[in-house]
Structures are given as C-alpha cells and as structure tokens.
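J.: Chains as they are written, first to last, in my numbering: chain A, 14 to 330; chain B, 169 to 401; chain C, 7 to 549.
Accuracy of the hints is not assured; some may be wrong.
[To be verified] Heads up, simulated BS3-like pairs for lysine-lysine below, C-alpha to C-alpha not over 25 Å straight-line:
(1) A:Lys-169 x A:Lys-199
(2) B:Lys-310 x C:Lys-243
(3) B:Lys-310 x A:Lys-280
(4) A:Lys-280 x A:Lys-247
(5) C:Lys-541 x A:Lys-169
(6) A:Lys-46 x C:Lys-463
(7) A:Lys-132 x A:Lys-169
(8) A:Lys-274 x B:Lys-310
(9) A:Lys-110 x C:Lys-463
(10) B:Lys-310 x B:Lys-194
(11) B:Lys-291 x B:Lys-269
(12) C:Lys-541 x A:Lys-49
(13) A:Lys-110 x C:Lys-499
(14) A:Lys-248 x A:Lys-274
(15) A:Lys-110 x A:Lys-169
(16) C:Lys-463 x A:Lys-105
(17) C:Lys-499 x C:Lys-543
(18) C:Lys-543 x B:Lys-296
(19) A:Lys-49 x C:Lys-243
(20) A:Lys-132 x A:Lys-110
(21) A:Lys-46 x C:Lys-543
(22) B:Lys-289 x B:Lys-267
(23) B:Lys-362 x B:Lys-296
(24) A:Lys-132 x A:Lys-46
(25) B:Lys-310 x B:Lys-291
(26) A:Lys-46 x C:Lys-541
(27) C:Lys-243 x A:Lys-274
(28) A:Lys-49 x C:Lys-463
(29) B:Lys-362 x B:Lys-194
(30) A:Lys-49 x C:Lys-543
(31) C:Lys-541 x A:Lys-105
(32) C:Lys-348 x C:Lys-499
(33) B:Lys-362 x B:Lys-267
(34) A:Lys-274 x A:Lys-247
(35) A:Lys-132 x A:Lys-199
Simulated from the structure, these hints should not be mistaken for lab results.
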Amino acid sequence: MASNVDALYIFLLLVCGTMTVLVSLTVIYFAVKYRKRPGHRAHQIEGSHVLEITWSVLPMGAFLIFFAWGAVIYFQERTPPRDAMEVYTVAKQWMWKFEHPEGTREINALHVPTGRDVKIIMTSQDVIHSFFVPAFRIKQDVVPGRYTTAWFRATKPGTYHLFCAEYCGTQHSGMIGDVVVMEPAKYEAWLSGGASSAPLAVTGQNLFTQLGCSTCHLSNSQGRGPNLVGIFGKKVLLEDGRTLVADENYVRESIVSPGSKIVSGFKPIMPTFQGIISDDQLNALVAYVKSLSQQQPGEGAGSVAAASPQPKTRQVQ
Amino acid sequence: MHTSPAASTEHNPALRHHFASVEQQKNSASLGMWLFLVTEIMFFGGMFCAYLIYRLAHFNDFAAASSSLNIWLGAGNTVVLLLSSLTVVLAVNSAQRGKRKLLVFYLVATIVLGVTFLGVKAKEYHDKYVEHHIPGADFNFKEEHTAGHDELPPVNQQHAQMFFSLYFVMTGMHAIHMIIGVGLFAGLAVMAWKGRYDENYNTPVENAGLYWHFVDVVWIYLFPLLYLISRHH
Amino acid sequence: MASVTTIPERDNYLTNGYGIKSWLLTTDHKRIAMLYLASITFFFFIGGMFALLVRLELLTPEGDLLQADTYNKAFTMHGMIMVFFFLIPVVPAVLGNFLVPIMIGAKDLAFPRINLLSWYLYIIGGILITHCMLTGGVDTGWTFYTPYSTAFTNTKIIEAGLAAFVAGFSSIFTGLNFIVTVHRMRAPGMTWGRLPLFIWANYATSIIMILGTPVIAITIILVAAERLFHLGIFDPKLGGDPLLFQHLFWFYSHPAVYIMILPSMGVISEIITAFSRKRIFGYKFVALSSIGIAIIGFLVWAHHMFVSGMSLYAALIFSFLTYLVGVPSAIKVFNWTATLYKGSISYTTPMLYALGFIGLFLIGGLTGLFLASLGIDVHVTDTYFVVAHFHYVMVGSVLMAYLGGMHFWWPKISGRMYPEGWGRLAALIVFIGFNLTFFPQFVLGYLGMPRRYWQYKSEYQVLNIFSTAGATILGVGYVLPLIYFMWSMRYGKPATDNPWSAAGLEWMTSSPPPTFNFDETPVVNFEAYDYEHIKEKEVPVAH
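Isolated chain A (complex conformation) (with noise of 0.2 Å):
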C-alpha cells in the first residue's frame, strides 16, 4: 500500500514537476527575450480562445487521472478487510494505548506480525488525536465520542515511528510511539510471553454478564433486546424505517446512548451506559459483540481464533 502511494507521488512530482520547470524556463525566456530594448516595442495580443481552452482542458484531464488514482488508493485504505487481526486502540492526552484481541495490552508500542492485515479501532479519551505511522503511509484521526479505522499489512520487520498528527496540547510533540514489525513467529512468541489478562472478547464476555445485558439480551431467542447472535456486520432494520450496518460504532452508539437507533419491533428501554463504563470496557463489549458472529457452531462465545471463516449469513454492506 505505501508503495502505491509513493508510486502517485512520484508520478506527481513528475508531472508538476515538469510542469513548474518548463513554465519557469518559458517565464525566464520571454523576459530575456522580449526585454525593452530601443527600437522594439511590444506586440498587442488580445487573447486565444483555442490556447485558453487548450490549457484549462488539459489540466482538467492530468487532474482527473490523479483524482482517480488518489481516490482508488483512498478506497483501499478506508475499506479494511474482512479477516484483518483487530487491535483496539484507546488515545488519550499524550499516550496511545492497545489491546490485542488476546488480551495483550501496550502502551506506546504495538506490535504486530508482517504479511498479517492489522485493523485498528480507535477512539479518543479526550481531544481529537491522530494515528500516523509515515513508513505505512497511512494516518487516521482518532475522535472521542466513536471509533475510526485503519489497517496495514506490514512487509518488512523493523521498528517504525508512531506520531500523534493532530494537535492535541501540551505534550502533543511527545505522543510518540513505535510500532514493532515482527516475523510471525517471533510475534507469536512475544504474544505468548506478555500477557497475563483475558482476551478481550472474553473480557467483554464478562462485562456482558456482569452490567446485566444478558437479561434482556438472550443468545438462544429473542428477549427484550435483540438476539446479539450474529448481528455484527448485518443490516439492521430499525424502528423509524432506516436500516443501517451494525459495525463497531453502532454497537457503540447503541450502549452508551440507546434510544438513538432502536431496532424495529423492540421497546426503547435500554438504560444508557454512557459515563458508567471506561472506553476499554466499550472496546471489549464491541470485540465480544463482534466475537459472536465469528463463533463456529458449537463453540463457546469469546473463542477468538486466528482467522476465523465467515459465517453464511452474513450479508454483505
């Protein structure tokens, strides 16, 4: 991906490149060229109408290839892929911190393992920050109040500068970090070798019990709230005629404010959550949400496998 980007980048600079040079030599000709002299006086021209079409259809043409290829490119980074390994991200006024979907947590750091499609789900604890890692040549601005995306497939083991790019007071400059590409199995290693708490999908699991969404939410039929069973990444039908695809910031939306957008043929009682759970407990109930329309049949919710294959139903966006 970054090699696309480079490779646009280089194309431009050609372009306008040249363009810039051969305007500045014909600017620097006609003024040696056509300097006062005695005896030479200057040629009135009105205008050409054929020039004038010429040079603003053709820069409209060169500007439509590069909007095309810009847009191309943008399209590929803002659509993550489907099986890509999750890592919640939590910005805060001047740290980033991660979760793994094992549970690994970091702070500063993120590794990950090449030839694996990493998505982050970021959100911000308090001001607008903004994820940018140059060697990836991929930047997203995180906001508090929902989460944003990115992904990266890493190539090349090594250790990367992480920046925060939007600014976000006193020790903005200093809201720097690493990301850490490592060999799969050495990343495997590293994994194994930290973490002492639960996967998050199991620590959402937890969670789910815990605040009581399992009352109302049942998993074998429908309760008072809908069956979560499966809900992740499908369209939704609610109440007012809209439908819309549950993705991390529905499910979000749907915890901390509920009465937004109820489901069609449920009541609107869900008590609101918002400023009862932290932003890493939002970040496991959405990884277990998420993990129970990943579950093979028969296996328990919160098993969280490598890649785990689709189910049939889901629908596609």
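Chain A is fixed; fit chains B and C onto it per the hints.
T.: Chains B and C alone, transformed into the frame defined by chain A:
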C-alpha cells in the same frame, strides 16, 4: 435646519460629496443594506445548519424538548412581529409622502411592538429558567408532554440540552438583532421628529425598514423550526 | 479642497490637513489605507517575531529553547495574527482601499464612514489580540479544533475568538464597500469590460468576504458559548459532534485563503502588463477566473478533513471539486506567461516580485494538487508538507505580490520613488530566503515530520536547520523595504504623475493624488491596458 428643496437642480443638502447624484447615493445605500442582509443570512445560516443537523440526528428528543415551549407565546410573538413589519411599511410610506407626524407615530409603534416582542421573549426565558431547561449545571428535562407515547424512548438529557442550547443561541442572536433594531428605530424617531426625512430624502428609513423586515423573516423561520416540531395533536 | 496658494508641492491627500484628528477622523479612503498600512505592518512584524521564535526552537530536535506550552502558543499566535490580522486584510485594506475608487474614476468609496469604521474594528480586534497575547495567549493552533478548544485548554480562547470576530466585521464591511462602489460609482464610460483586473480581483474577493466571514463569526460565538456555559454543541461527552465544528470552521477558512490570494493575483496582472507594456492576454478569462475561483472556492472546504473520519463518499466529492478549483488558477498563470510574449519587459522591482510570484505560485498551487489527491493527502496532511504548501501560496505568493504592489504604487501613494537598487536587492533576498525556508519543508513533510511539533526526531534536524537559516535571510528581506520606504518619504526622488508610463486611471492623476482623486471626473473611452496608445517616458533608474 432643514429646508425642503423642491427643484432638482438645487443641491440636496443630504447629498454627500463623493456621490454624483442623489439617485446614485440612494441606490448605493440600498445595495449596501441588501448586501449586509446577505451577510446576516450567512450568519444565521450557520446556526440553522447546526440545528438542522442535530434535529435530524435526534428527532424524538428534539420534538419532546420543543413541545415544552409555549406555543401561544411564540405564536403571539409572531403576530406582534408581523404587525411591526406593517408599521414599518407604513412608516416608510409616511416618509415618502412627507408626513412627519405620521412617520414618527409609526416608528414609535414599531418600537413598541419590538419591545413587546422582547418582553414576551423575556417571559419565555424566565419560564425556561423556572423549569430547569437552561443548559448548564441545573439542567433537568422532565417530560410532561409525551403522555400516550409509549413507543417513544425516554428523552435523552444530553440531546434535550442540545435543543435548548441551540434554542437559546438562535433566539438570543435574534433578540440581540431586535434590540439593535429597536435602537436604530429610536434614533430614526428622533431624527424624524426633527424633520430630517421627507419625500426627497428618506433612505435611512427605508434601509432600517429592510433590516427590520429581515429580522422579522428570521423569526418566521425560527418559530416553526423551534416551536412546531411534530405538534399535530 | 485647499485653495491655491504658492506652496512648493501640489496640494494632495497627504497635505490636506495635519494633526492627529485629521487622520483618526478621516473619511478619505487613501488616508484610511495609510492607517491600515501602519497597523497591518505592525501586526506583520509581531506575527513574524513569533515565527522567528518557532524557527529558533526548531533548530534542535529537543525542546530546549521554549517550554512546550510556550512553543504551542508561539505557533498559534503566529498563525492567528498572520491569518486574521495580516493576510486577510492586507491587499484589500491597503492597496484596495487606496486604489479601488481611483481606478474606477470615483471620488471615494461608497461608504467612507463605514470604511473608517472598518479600520477601527480592525484596531479593536488588534487590541484584543494583543491583550490576549500579553496575558497568556492561546495554544490551540489557529484552527482551534474542538473539543480541545472548548473543554480542555486553559488558554484565552474567548478573547482570541472575540478578536477574530471583530476583525471579521472589518473584513465584511470592506467587502460590502467594495461591491457597492464597483457597482454604483464607476466613472462614465468605465464599463465592466474596461475595469482593471485589480478591480475584478477585489470584487471577487469581496463576494467571498461577505458570504464567508459571517460563518466563522457564528462559529466563534458557538465556541465561546460552549466554553462559557458548558453547552454540548461540539463536545462528544455532552452529545455534540467535533466534526461539526470542523465543517463550520473550514466553510469560512477555506474561502478565506482565496480572500488572501485573489487580490494578489489582481496586483500581478497590473504589474505584468505595465512592465511588459502590453495588454493582458485573455482579459475575459482572467477576469472571469477570479469569479470562478470565488464560487468554486466555497465548495471545497472539507479537503481539510480527509482523515477526520468524515464519510468516504464526501471525501471523493471534495477531492474532485478541489481539482476543479485549480483550473481557473492555472488559466491565470498561463495568461500571465502569455502576456510576457512579445512584450517589452523591464526588470523593475515590482516586475521582479511578479516574476517570482509566478514561479512560487506555481509550486504552491501544484503542491495543492498533491494534497487534493486523497491517497497522498492521507500521508502528508498534518505534516510539514502542508505547512510548506500554504506558505508557498501565502508568503511566496500573497506577500510577494503585496510587496510588488507596494513598490509599484509607492510613487502614487507617497509621491516619492523608492531606491530601485535596494528594491531589487531586497526582492532577491526575499526570493532566496523564502525558498530556503520552505522548500526543505516539503521534504520534511513527506519524510513524516508532523506539524505543530515542539520537539522532533533527530533525523529531521538537517532540513530544519536549512529552514531556519532561510527564515533569517527572509527576515532581512522584509526589514529592508520597511527601512527604505520610510527613508524615501523624506529623501526619495519626487515622483511624476506616471513614472512607469503605466495604464490605468490612477496614473492619470497626480502623485500623490488630491483628496478627491481627480481634478475633474474622468471620462473613459479606452480599454484597460491600452498600452498601444500610451507613450513611454523614461523608466526611472536607480536613485
């Protein structure tokens, strides 16, 4: 002292030196006022934009909050403003016909109506204060008006507070413009009393009138947007 | 008007009344322009001082000169002052105020008292921002994104916002004045098709001023209300949306940059024609491209938000529209170049600035194309690439054009010639200093150095050192005109009515002009840039 020049060849004392003619001056002043009103449209437009976006996102909560506004006071105020626009038109007409006393009367009538509007607004704000609908630490929105609406979710306090935040900013901005308008008309009334306006020169009355009509039109939009959400019962 | 007496100098707007009251209560557009010149220059140097602080800190990767908070305030104040108190007003309020009535053959602007009010509003805004600076300043960046600006920072947001709000009204009234003037007060025979391009440029700018500025005004009010009363309009913790702020903010702030560049482009058109002794190539296209930029400029604001979390499809639309707005600018550049063709070109100081402008605007504008491309923007937004881009168009273009215009019209404004040798030297110093300061920043940005960084990774140091070195050279280039312009007011060679033998009504009245601009209202029966019929006098040589 004002003398009323009758002949067009005489130098109109109201003509400012950088204009070639009274007509050019009048046209310029009018165009200037219209352009100023365009800026006001953009100014209020920003607020309307924010309001519409949030209303779309939180329709039910906004409807509930809106229904706590006193529709009679709002409607009454609308009538008051419409009447005041009438008095403005009559004032301009009086000026154009050179009727000094009538002009002063209508200017004062406009001021009275404007102050009435502001008084009613003050009462409404007071009501909101008493009901704890003013955004801030004391905010507490209790639904009383949604009897028979089981299918609606309980009102989200934050969204209700959002409604009132926008309500106060929008009507507050409008009220500030009304106060400025009242001040303008007070100044005009004094000048009119001194006989400064007549059939040859009444541009300030016309342009102030334009401003007043604009402020009126803003209210015509504000009233349904803020007061009349979903009130079909 | 003063009566005719035996005075060595002809009576003009500068001699028509002495004493501070005659200046502070003037309604003469030319004097008001001079009032602006003094105050805007003052704020330019204040903003420049903050820039110097920033560049000095960035000599080393560590934060070792200023504390982090101080640095954050320095770049914020630099941005705020330069944007609101220099770039937006400078060409319209100084050159525009002076020239617009004269160029169309009028005695003054349509509303001279409102013009004076505009200046006082600028001063009030200036006092507010100065007080804000002296009592702690703001640290949000000039873009004061929420919720940092509404719920987190302890700095003086409301005061700074108020300063910008008041200065914004100065802008609105100037724009209003220009539009009415151009519509209603053109001299007999001065049709729209005969207007100098400087007028077209200021007219288009004025449209943006009156349509765009009110939106930032209301945005500032909403931010202030949110801070004061803990409302939740932009704060997600209270149910608000921080992206709404960004949309409202950029809806004005993008057109604002066209407020900055359009009048400058008008200046360039005047200079290039005068020193090629030719009519402009493609008059209609250059004139209408100003209007085109003004209109399309309102449709591209969210290209500042490609990585904000905004919808993908919105991003696609804004990227496309941003490319569209590049076309009229390209048209201008080609037309200016074509104007040089078969001209008779002199290398006066204004012309040096104008030729430099073409090159630097080319780079600035073309790097805008990089930013408009979604795939590239993701990488370079919020880095020094953007910083370099906007400095190329704001400093390399707007400021160069302003300096060129000041030199071009200085004889008319002051009645004196500036020293040509020093003028050329300063132009060269500015050009070199500018490129050395900002070109390395493109590279820094692509390499990944984020903006608004007090400390940075050591691998970025070398380029930062080049940049700071360039900034000091640039500073010298700016101080020089300050000195020699003031010097020329006393010791400069007295100027004739038309020292450049240039076209335009301003050159048909005395230098400096009388208070009411013309002895008799001109009647226009010639096209703009009528160089075919203008006899050339000797072009003045270095003093």
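J.: Kindly indicate which numbered hints from before are broken by the structure, ordering the numbers from low to high.
T.: Hint check: 5, 6, 10, 11, 13, 18, 19, 22, 23, 24, 28, 31, 32 fail, others pass.
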